[in-house]
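Protein chains in written order, with the working numbering: chain A, 9 to 109; chain B, 129 to 774; chain C, 6 to 226.
Incorrect hints may have been included.
With a straight-line Cα cutoff of 20 Å, these simulated DMTMM-like cross-link-like pairs (lysine to aspartate or glutamate) come out [to be verified]:
1) B:K155 with B:E244
2) B:K497 with B:E686
3) C:K211 with C:E201
4) B:K182 with B:E636
5) C:K211 with A:D102
6) B:K497 with B:E636
7) B:K182 with B:D133
8) A:K108 with C:E212
9) A:K108 with C:E102
10) B:K497 with B:E680
11) B:K497 with B:D437
12) C:K211 with A:D103
Keep in mind that the hints were calculated from the coordinates and are not lab data.
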Amino acid sequence: MSLGGEWYLILAAILFTIGAFGLLVRRNILVMFMCVELMLNAVNLSFVTFARMLNDIGGQVVVFFVLVVAAAEVVVGLGIIVAIFRRRAGATADDLHILKG
Amino acid sequence: MGTLDYAWLIPALPLAGFVVLVVAGRKLGEPLAGWLATTAVGASFLTVLVMFAKVVSMPADSRHVVVTMFDWIPVGGLNVHAALLLDPLSITMALFVTGVATLIHLYSIGYMHGDERFSKFFIYLNLFVFSMLVLVLADNFLLSFLGWEGVGACSYFLISFWFTRSSAAVAGKKAFVTNRVGDFGFMIAMFLMFGAVGSLNYIGPAGVLTNAGKIPEVTATAIVLMLFVGAAGKSAQLPLYVWLPDAMEGPTPVSALIHAATMVTAGVYLLCRVSPIIAAASGTATWVIAVIGAVTALFAATIACAQDDIKKVLAYSTISQLGYMVLAVGSGAYVAAIFHMITHAFFKALLFLGAGSVIHGMHDEQDMKRMGALRLWMPITWVTFLVGWLAISGFPPLSGFWSKDEILAGAWSKNPGLWAVGLVTALLTAYYMSRQVFLVFYGEERWRHRAAETSDAHVDDHAEHAEPHESPLVMTLPLIVLAVAAFVGGVINLPLFGRTLFLEHWLEPSLAHVEAATLTSGAKIGLGALATIAGLAGLAIAYVTWYRRRPEENAGLEPLVLRRAWYVDAGLAAFVSGPGRMVANWCAYVLDKRVVDGAVNGLGTLVRNGGAQLRRLQTGYVRNYALGLAAGVVLLLAWTLVRVGL
Amino acid sequence: MLAFSVFGATPVDFLTFVIAAAIVLAGAFGVVFSRNPVHSALSLVMTLFGVAVLFVEQHADFLAAVQVIVYAGAIVVLFLFVIMLLGVDREENVDVEPLGPVQRWAGLLIPLVGLFLLLFLAGVRDWATGTPSARGAASGSAAGGAPNVDLLGRSLFTGFLLPFEVTAVLLVIAVVGAVVLARRPPRAEQAEMLAEQRALDEQLAKERDAELVAEHLEGRS
Numbered sequence: 009m010s011l012g013g014e015w016y017l018i019l020a021a022i023l024f025t026i027g028a029f030g031l032l033v034r035r036n037i038l039v040m041f042m043c044v045e046l047m048l049n050a051v052n053l054s055f056v057t058f059a060r061m062l063n064d065i066g067g068q069v070v071v072f073f074v075l076v077v078a079a080a081e082v083v084v085g086l087g088i089i090v091a092i093f094r095r096r097a098g099a100t101a102d103d104l105h106i107l108k109g
Numbered sequence: 129m130g131t132l133d134y135a136w137l138i139p140a141l142p143l144a145g146f147v148v149l150v151v152a153g154r155k156l157g158e159p160l161a162g163w164l165a166t167t168a169v170g171a172s173f174l175t176v177l178v179m180f181a182k183v184v185s186m187p188a189d190s191r192h193v194v195v196t197m198f199d200w201i202p203v204g205g206l207n208v209h210a211a212l213l214l215d216p217l218s219i220t221m222a223l224f225v226t227g228v229a230t231l232i233h234l235y236s237i238g239y240m241h242g243d244e245r246f247s248k249f250f251i252y253l254n255l256f257v258f259s260m261l262v263l264v265l266a267d268n269f270l271l272s273f274l275g276w277e278g279v280g281a282c283s284y285f286l287i288s289f290w291f292t293r294s295s296a297a298v299a300g301k302k303a304f305v306t307n308r309v310g311d312f313g314f315m316i317a318m319f320l321m322f323g324a325v326g327s328l329n330y331i332g333p334a335g336v337l338t339n340a341g342k343i344p345e346v347t348a349t350a351i352v353l354m355l356f357v358g359a360a361g362k363s364a365q366l367p368l369y370v371w372l373p374d375a376m377e378g379p380t381p382v383s384a385l386i387h388a389a390t391m392v393t394a395g396v397y398l399l400c401r402v403s404p405i406i407a408a409a410s411g412t413a414t415w416v417i418a419v420i421g422a423v424t425a426l427f428a429a430t431i432a433c434a435q436d437d438i439k440k441v442l443a444y445s446t447i448s449q450l451g452y453m454v455l456a457v458g459s460g461a462y463v464a465a466i467f468h469m470i471t472h473a474f475f476k477a478l479l480f481l482g483a484g485s486v487i488h489g490m491h492d493e494q495d496m497k498r499m500g501a502l503r504l505w506m507p508i509t510w511v512t513f514l515v516g517w518l519a520i521s522g523f524p525p526l527s528g529f530w531s532k533d534e535i536l537a538g539a540w541s542k543n544p545g546l547w548a549v550g551l552v553t554a555l556l557t558a559y560y561m562s563r564q565v566f567l568v569f570y571g572e573e574r575w576r577h578r579a580a581e582t583s584d585a586h587v588d589d590h591a592e593h594a595e596p597h598e599s600p601l602v603m604t605l606p607l608i609v610l611a612v613a614a615f616v617g618g619v620i621n622l623p624l625f626g627r628t629l630f631l632e633h634w635l636e637p638s639l640a641h642v643e644a645a646t647l648t649s650g651a652k653i654g655l656g657a658l659a660t661i662a663g664l665a666g667l668a669i670a671y672v673t674w675y676r677r678r679p680e681e682n683a684g685l686e687p688l689v690l691r692r693a694w695y696v697d698a699g700l701a702a703f704v705s706g707p708g709r710m711v712a713n714w715c716a717y718v719l720d721k722r723v724v725d726g727a728v729n730g731l732g733t734l735v736r737n738g739g740a741q742l743r744r745l746q747t748g749y750v751r752n753y754a755l756g757l758a759a760g761v762v763l764l765l766a767w768t769l770v771r772v773g774l
Numbered sequence: 006m007l008a009f010s011v012f013g014a015t016p017v018d019f020l021t022f023v024i025a026a027a028i029v030l031a032g033a034f035g036v037v038f039s040r041n042p043v044h045s046a047l048s049l050v051m052t053l054f055g056v057a058v059l060f061v062e063q064h065a066d067f068l069a070a071v072q073v074i075v076y077a078g079a080i081v082v083l084f085l086f087v088i089m090l091l092g093v094d095r096e097e098n099v100d101v102e103p104l105g106p107v108q109r110w111a112g113l114l115i116p117l118v119g120l121f122l123l124l125f126l127a128g129v130r131d132w133a134t135g136t137p138s139a140r141g142a143a144s145g146s147a148a149g150g151a152p153n154v155d156l157l158g159r160s161l162f163t164g165f166l167l168p169f170e171v172t173a174v175l176l177v178i179a180v181v182g183a184v185v186l187a188r189r190p191p192r193a194e195q196a197e198m199l200a201e202q203r204a205l206d207e208q209l210a211k212e213r214d215a216e217l218v219a220e221h222l223e224g225r226s
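Given the sequences, and given the hints that come with them, work out the whole structure.
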């Protein structure tokens, strides 16, 4: 008998919150990206939990896809970061404010 | 009914004349354009005669034929056809309109000789005749209104024909605007009629006139009063008469045709046409009409006594005579009104054309004080003018006597006070007309003195300041024809022995039957005698003052207030430029600039400032935007919670 | 409300959960609060391992493996590569918040509020609603059915075939995109880009200097 799913869901929620907090507070681009990864992981966890609670393999399939897409996203995102921040040492997210209204 | 199917030719012929002249008028040139126009109207007159003969041959109770030409406005509940109604009233109107118009067209060929816009004049004249015929022959109010507006427009064109003169242009505008005020009344009346009866046709199962008895009294009164506003505009009654004296700026044939014989009678025609509705209205309506008619008649007559311009006298005279006709309508004597309309058309057109002949002969001089003794120089004009003078003054046995007498009899039946006003007006009419005759055709040759004076003052190379000359045949022939008509015109409705009341019997099917107090023949003779005595009195006064004495001695008889027409125009101008301007300024600077513009600009400013404030949300920092996203998500969660129900 | 089935589980399960949860949370705090980005990356790895353990505990064996291999093994390594490449390993000054205190406090508050709302919402509605679908059991080894991989594979290649193929395409696109993005510009543009970069660098340097001065002054007072 496994532990009830509620625990896992609470954990996932807390993890998500920490990730959100980090995203809003940190300035370093890559750290912000990592916080996004945290949030994605929280979501994965909750999906797997639901898969178990509802006895449906579909939850795990979704996780599979999230993983793939996250990977693709990281690849492209880092590519963009590299393209923008090449040679700009110590640049942060705050330096991109040209679209100020 | 085969012949009557060709009734559409009556308005179509002048319209064709109009179109041909528009296209080829300038090429045809003088005088061919004039002859073409005259032929068109003359042919129309002949057609009317044919129709008249046909209708006369029909039994009396079937004398209302509708000739439909085409569907004009089929909109929902309103179905208006372009159709002509041939009944005694409309045929009578068409007869004298086309008859007088033909004569005046002929006259104009001579009068407008040498004018560089000769063909243009006839274009407008033909268009006018077309519009007038549409007005009188229409079988429904809307088509009539079309004609009504058409004659108003043509009046504007023709009054300001010599538009290079600013006074002419202004007069044209004044006429049009004043008419518009009247048209407003006509339109309101049409709305009321449609609301009450559901149709705008005169007769027929849904006709306004056939169903007039079913209209509630209040509505009927309102309709009548609104139509009277329209009629007051067209027929120059108080207070919408102000345009007619100024309309004398137009060429004299225009004054004769439009402002004496035809357009100004449209108002009276309309009122007679709706006699069934007047019968269904309350007594107030007829009183209003009668009183305004009587007051107008007297008012205008007083002004005519002090005018120097030969045409202005006739203009005010027209207003006065129209007042008589309106008085007749108000008294319920519709036949008298129509009778006087016809005789007035004859003698007023005659007088105007005669005045035109005088002006032409005097080389465009219009001031009567500079004329005199023209009987020696323009005999035909003189004699025909005398006929007109006697007719308008109401001397028996000319036509004017019979028609005016019938009106006075009707007025007496309505109210002796109204009759008294009419009587005084008759006296004044005789007085000012006699004054005019004496000044123009008798006395000294004052124009010779003036010519001598001016030639002393400066070198005058105007060889024309020579003697007056008689007008050519094209101009004198219509004068003669009209004089004959004015002389014997009374024949159509002589009140002798009952059988000679041709007009009355003829018009009976078209007019509402009015229970008028019948006067004994003794009373009628008495009234007639009194009227004639009044006329003679007027003539006598004029004889003493204007024939015997020199004009300069009579300054006391021409007080300034009369010369300036009771200062009505000046009063209106002061009112408009004073309070009127204040209102206009207030509207422009306060209402428009501050309120309206303020609102619009304020809206713009509001948007701009709002946008500027909102812009502060766009910091450019990604993290701020992420914060916004997070806040949005939380709000959604909260809302879901609320919806789900704690 | 919350249904605690502590006693429904074996103590081993419970303990595993607690330890794994601790690892996960520790890693998460590490990611967020480390000044050095490299430390953040390593903390992320820790979190990922913890999550993998939790996957195993939920009978998602295959996913746990994939998680370790792909996420921890590839993605985080990628992160590290970029950190090293770009030299953004300079420590971020977390004491100063150029966007004002609002950002920091709202950044703390809003996720917290969201957390509570979320938990409340889920708790009120019994956590997981919905009927177990006929798609097939998830747990393989526990319920004594087919192994987890079998189930996953079967579902993936039948019911979810189309998304599977699409993600394949997605990966290809991502690869192409990455190559294009990270390419060095052709020679002709390089000089231009150099000049542009230099100007931006100078501006950045000025801003940095101003920041340093401010820091210094604050440090003193």
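Unmet hints by their number, sorted upward, for this structure = The structure breaks only hint 6.
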